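S.K.: Chain by chain, the residues run as shown.
4 protein chains.
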Amino acid sequence: MIKAGIVGATGYAGVELVRLLQSHPEVTVAGISSVSYEGKSISEVYPNLYKICDDTLESEDALIDKCDIIFASLPHGLSEKLAKKCVEKGVKLIDLGADFRLDSAEEYTKWYGKTYEEKDLHEKSVYLIPELMRAEYKGQPVIGNPGCYPTSIALGLAPLMKSGLVKDDGIVIDSKSGVTGAGRGLADNTHYPNCNEAFSPYKVAAHRHTPEIEQTLSKLADKKVNVTFVPHLLPVNRGIISTIYASLSSVVGAEELHKLYSDFYAREKFVRVLPLGKAANLRDVKFSNYCDISVHADEHTGRAIIVSAIDNMVKGAAGQAIQNMNIMFSLKEDCGLDFIPPAF
Amino acid sequence: MIKAGIVGATGYAGVELVRLLQSHPEVTVAGISSVSYEGKSISEVYPNLYKICDDTLESEDALIDKCDIIFASLPHGLSEKLAKKCVEKGVKLIDLGADFRLDSAEEYTKWYGKTYEEKDLHEKSVYLIPELMRAEYKGQPVIGNPGCYPTSIALGLAPLMKSGLVKDDGIVIDSKSGVTGAGRGLADNTHYPNCNEAFSPYKVAAHRHTPEIEQTLSKLADKKVNVTFVPHLLPVNRGIISTIYASLSSVVGAEELHKLYSDFYAREKFVRVLPLGKAANLRDVKFSNYCDISVHADEHTGRAIIVSAIDNMVKGAAGQAIQNMNIMFSLKEDCGLDFIPPAF
Amino acid sequence: MIKAGIVGATGYAGVELVRLLQSHPEVTVAGISSVSYEGKSISEVYPNLYKICDDTLESEDALIDKCDIIFASLPHGLSEKLAKKCVEKGVKLIDLGADFRLDSAEEYTKWYGKTYEEKDLHEKSVYLIPELMRAEYKGQPVIGNPGCYPTSIALGLAPLMKSGLVKDDGIVIDSKSGVTGAGRGLADNTHYPNCNEAFSPYKVAAHRHTPEIEQTLSKLADKKVNVTFVPHLLPVNRGIISTIYASLSSVVGAEELHKLYSDFYAREKFVRVLPLGKAANLRDVKFSNYCDISVHADEHTGRAIIVSAIDNMVKGAAGQAIQNMNIMFSLKEDCGLDFIPPAF
Amino acid sequence: MIKAGIVGATGYAGVELVRLLQSHPEVTVAGISSVSYEGKSISEVYPNLYKICDDTLESEDALIDKCDIIFASLPHGLSEKLAKKCVEKGVKLIDLGADFRLDSAEEYTKWYGKTYEEKDLHEKSVYLIPELMRAEYKGQPVIGNPGCYPTSIALGLAPLMKSGLVKDDGIVIDSKSGVTGAGRGLADNTHYPNCNEAFSPYKVAAHRHTPEIEQTLSKLADKKVNVTFVPHLLPVNRGIISTIYASLSSVVGAEELHKLYSDFYAREKFVRVLPLGKAANLRDVKFSNYCDISVHADEHTGRAIIVSAIDNMVKGAAGQAIQNMNIMFSLKEDCGLDFIPPAF
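Chains as they are written, first to last, in my numbering: chain W, 325 to 668; chain C, 325 to 668; chain F, 325 to 668; chain A, 325 to 668.
Read the hints as simulated data drawn from the structure, not as lab findings. Fair warning: this is a prediction, and the values are worked out from it, not measured in the lab. Check each hint, because a few of them may be wrong.
Any copy will do: because identical chains look the same in the list, a pair fits if it lies in one copy or spans two.
In silico SDA-like links for lysine to any residue, alpha-carbon gap of 25 angstroms or less [claimed, not checked]:
1) K413 with S367
2) K602 with E368
3) K527 with D662
4) K375 with A590
Using the sequences and the hints given, assemble the complete structure.
M.R.: Right, here's the structure in full:
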């Protein structure tokens with residue numbers, strides 16, 4: 325059994341990892357840590373886990389000593405140090421934060437206001453959306469786990485980017501995220517009466533996931549791609565929908581688009597290209613590792629419209645991290661990830 | 325006092341008119357009608373009105389005989405006949421349905437599958453978003469009240485369309501509507517467990533409001549404008565947000581855009597251009613006749629981003645209809661419409 | 325015009341007062357104050373008020389000097405000092421907090437952990453649920469405005485308590501409150517993902533409103549009444565429903581109960597006793613000053629079941645405070661309170 | 325592998341069974357049926373199942389011929405005939421409807437308006453809440469699966485009923501159910517704008533689960549028990565909370581109550597008695613087979629207050645049915661039921 329540790333276990337992605345890993349057949353949760361709640365049982369913080377996982381929250385260092393792999397779910401700027409300690413001790417690391425996502429140190433500094441201190445560590449890390457990049461995994465000890473928005477968007481746009489059909493500067497991405505995306509920290513905009521019966525964009529064309537999105541799309545298209553990206557806060561607990569508009573350089577009908585997508589994802593279990601005429605709904609992927617994609621054409625303006633839906637906490641965070649762990653340990657990629665989305 | 329009648333009073337727009345007109349200082353609700361509930365009290369159907377308005381639902385014809393103005397909230401295809409009767413008897417009509425919105429009989433037939441039977445009636449009618457078109461009211465007996473999506477979009481785009489800054493085919497509109505927009509009729513997609521904790525687009529690039537949107541934008545731009553328009557069903561009761569992306573033909577900064585909008589709407593009470601840096605939220609316009617607009621620039625892709633929020637049942641339906649009635653009767657435009665949006 | 329000031333204007337009850345008083349025909353909001361936001365415009369804190377009320381938040385003292393009446397919405401323990409200042413300057417005070425609700429200084433200390441410092445002030449104050457106690461207003465300069473739960477419960481039980489039909493210790497009250505009842509302060513249990521799709525009681529049989537409830541019921545019954553009271557947090561913004569179970573000393577059928585209630589409230593505009601067979605729903609009183617009451621009998625166990633619904637922020641706070649102000653100033657009791665609950 | 329069939333697979337309990345059984349290690353779903361959708365794929369009706377279970381909906385008879393056990397989720401009055409066919413062919417049946425719950429044919433007729441046609445079948449059936457009645461399973465071919473409210477209430481009251489501490493007629497049950505409890509059928513009260521931001525009791529003291537509740541409590545107490553039972557519709561998708569008030573014949577403190585409950589359920593995996601001071605929350609049992617119980621004392625009125633929370637679709641329907649199937653087939657009772665409630 326693989327011994328896994330979770331650093332930042334009382335954050336939302338952390339506790340989701342605790343939950344999902346309970347049913348992974350090849351993994352034991354060997355330890356969990358939290359700075360704020362060290363010494364407490366996690367089920368005091370999350371009573372859903374009472375009598376299921378009453379493990380005590382330990383220090384980060386205690387974990388490293390007894391684990392084969394660490395999942396880190398920390399605010400940006402804290403993962404490098406942790407990574408260094410892990411790599412030195414031969415422990416693998418999957419970072420669910422932002423510190424190992426961007427290739428460019430400049431972009432990281434521009435968007436996150438910090439600097440890469442350990443440049444060689446970044447050489448040893450890889451950013452991995454499994455369906456698009458699994459071939460790039462070559463034993464690196466550190467994986468940068470993708471952000472939630474970038475996952476939904478990269479999966480939604482990959483076939484089109486590869487096709488060469490998209491006009492330069494022709495992409496608009498309108499994303500909507502459930503409130504868990506904002507995390508466990510209390511804030512005015514996630515106070516119930518402020519976000520219930522409310523809806524608004526935030527960080528309009530200024531969200532930190534923008535460089536990550538453009539990095540992936542540029543690689544797929546093999547040229548620099550800029551996008552307009554606007555996220556919105558959606559009054560639901562879970563899920564992200566990205567409605568993606570792509571201006572095409574030639575007329576492409578809905579059937580042709582649908583075939584492009586169906587062929588591209590024909591062998592991918594976790595990406596479901598919906599039948600033509602259906603629209604992706606975050607309801608249908610909640611609590612699962614699936615990404616549902618629906619494909620639409622607006623021929624009178626020459627745009628393809630792609631709708632991509634994931635559970636932000638599963639495929640957008642903890643589930644994809646486990647998928648990446650499965651790759652790291654040469655397990656079947658869907659091992660421990662057979663969660664079926666409920667109908668309601 | 326103006327004697328007003330409401331045809332289709334048990335629909336959502338109808339009952340909102342009943343509510344709003346109770347506090348209009350110049351209007352008496354002289355009669356209400358409903359085909360499905362004739363003979364019943366409206367407070368049996370809507371218990372919120374118990375002991376406030378227990379009026380009995382009558383026939384359409386009974387109403388015409390005792391009213392100065394009829395508000396019609398009917399499925400499309402039924403308003404022409406009603407309009408004919410009203411006009412013959414010298415009664416004014418404001419149609420909240422789709423039958424007097426489109427200038428082009430061909431477009432109407434294409435999108436609604438019916439034909440204009442009474443062409444001269446359409447000559448006598450006018451489509452009116454007060455802030456943009458009040459000068460076009462010249463005593464016509466019939467007003468076509470705008471749709472909810474088109475209202476939020478036309479107000480959101482008018483300053484830009486008039487400016488000539490928008491590239492051809494450069495507009496993407498991503499709209500999200502509360503569930504009351506789908507009306508009172510029962511349907512699978514508005515069954516609570518289906519739309520709570522759910523989110524999805526519908527009628528992608530195929531919604532009937534598209535020709536109405538393009539008609540208004542084309543007039544404003546003084547050339548044919550095509551748009552990509554995708555509506556989504558939002559799990560809240562009320563409100564519409566349209567996030568509008570417009571590719572610009574030259575570089576325009578956020579301050580300049582903001583000045584364009586602030587100047588354009590400087591004298592409009594019901595359109596609030598938010599301070600730069602804020603984002604419009606449907607929470608802040610609910611239960612009111614306000615349209616909140618926030619202006620953003622994405623300079624790295626050359627797009628303006630406009631966020632426009634209204635209450636779909638007030639400014640998007642009943643409130644705007646009353647505003648139009650005020651124009652018809654030469655009252656102050658905001659008469660009876662001083663509803664302050666609650667904080668929660 | 326009466327010059328009103330609101331102390332604690334950025335709390336939820338405070339900002340609701342700001343909103344409701346805008347449309348009161350006899351009142352001008354002469355000043356608003358807030359310790360946390362002094363010097364800021366209230367519309368920076370509550371953007372729903374932008375361009376409607378952009379007043380600057382001042383100090384408490386500045387308000388007293390220019391107002392005829394102060395509404396105070398403060399944490400308990402802070403109102404006595406304010407009251408003293410007001411009374412000395414001849415300014416009336418309506419306290420929406422807990423400091424002038426309990427007759428018994430011992431009970432106040434027991435439940436709130438503070439003491440009455442100004443005993444004579446309490447002599448000059450009166451606790452007022454208008455429908456039940458308006459006769460007790462005899463020019464007192466200070467009114468203790470009732471709590472939200474106690475209002476819904478006292479109105480729901482008054483006819484039964486007066487009837488003498490209720491068995492000793494025979495009352496169970498199961499109340500459910502919308503999240504605004506917890507106020508504007510951030511807390512774990514009002515963080516959106518914690519209370520959306522959740523439901524739980526809190527302070528089971530230990531809520532501070534218990535002595536206030538028992539005080540009123542005891543006066544109505546003319547003997548000491550104890551109740552079991554359990555509040556629950558309901559995932560909606562507004563509204564309180566109290567489902568009240570009363571064991572009866574003799575068999576009383578539903579019709580008889582209904583007549584008792586209908587007669588008792590026959591002249592009360594803001595209390596609607598629903599037709600037999602209907603159940604009160606908080607949906608139907610939202611945004612209004614109404615209290616809806618439905619009456620049911622469970623003859624096989626000998627209990628009456630009363631369901632009482634109010635908007636916690638209107639009839640349960642700001643609306644009732646205005647109703648009390650109307651009494652203080654000899655205005656019609658419903659003056660400025662004609663808010664019609666919307667259907668949705 | 326046990327071959328299971330689901331009759332009524334497109335109802336809410338049916339589709340939940342389809343989902344839960346996918347991950348049961350000893351069961352294959354051999355067939356699913358639906359009268360309304362025969363011939364269609366279930367994933368056309370429930371797109372969450374797309375590419376996971378695209379099975380075609382067959383006729384009831386086709387299922388019986390190939391299954392070892394049938395789960396029936398049908399409107400009342402239809403299960404007897406199905407049971408007869410199953411029993412004749414040696415196929416086991418678990419009925420999730422109401423037809424095998426009540427011992428008394430008179431009560432069934434009184435509450436459901438139908439009659440038991442096959443009296444001997446009822447002799448061969450058993451009603452089973454596993455934690456309380458598993459000893460009563462002696463190979464009967466038909467199990468009547470308990471209702472959702474009765475499950476939450478029986479588990480919540482069993483220790484007290486057995487203790488003999490509860491006064492006659494001393495029980496009040498205030499239950500709140502998520503909207504899935506009302507099923508898949510469209511209705512006015514489950515139309516989104518009607519039940520969002522709304523809350524109301526329904527069938528006050530007249531719900532059909534009342535005789536089932538009283539039957540179980542009477543057996544536990546070994547005397548006839550009457551209760552006052554009021555259900556409410558809660559604006560969440562899933563979950564039931566029952567707040568139960570029991571007047572006690574002697575003074576019992578919270579610690580003593582807590583010990584009574586902890587001891588009673590010490591060996592039950594699926595019943596979690598929460599630490600004293602906590603309150604059960606339906607959030608913490610959602611999507612799982614757990615029943616959380618919190619115990620409280622109101623000594624000043626002599627009542628115990630028990631809060632019992634389940635997921636109405638799992639422990640209240642499909643999960644408990646699987647637990648009962650496990651008993652029927654001598655599997656471990658928790659087999660295939662290790663669903664961990666998510667934190668959000």
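S.K.: Next, verify each hint and record whether it holds.
M.R.: Do the hints match the structure? See the list:
In this homomeric assembly, K413 and S367 never come within 25 angstroms of each other (Cα to Cα): the closest approach is 30 angstroms inside a single copy and 48 angstroms across copies. For a Cα distance limit of 25 angstroms, the shortest separation of K602 from E368 across copies, 10 angstroms, qualifies, whereas the shortest one inside one copy, 43 angstroms, does not. Taking the shortest Cα distances, K527 and D662 never come within 25 angstroms of each other, neither inside one copy (34 angstroms) nor across copies (32 angstroms). Taking the closest pair of Cα atoms, K375 and A590 come within 25 angstroms of each other only across two copies (12 angstroms); inside a single copy the shortest separation is 41 angstroms, beyond that limit.
In this structure, the hints that do not hold are numbers 1, 3, in rising order.
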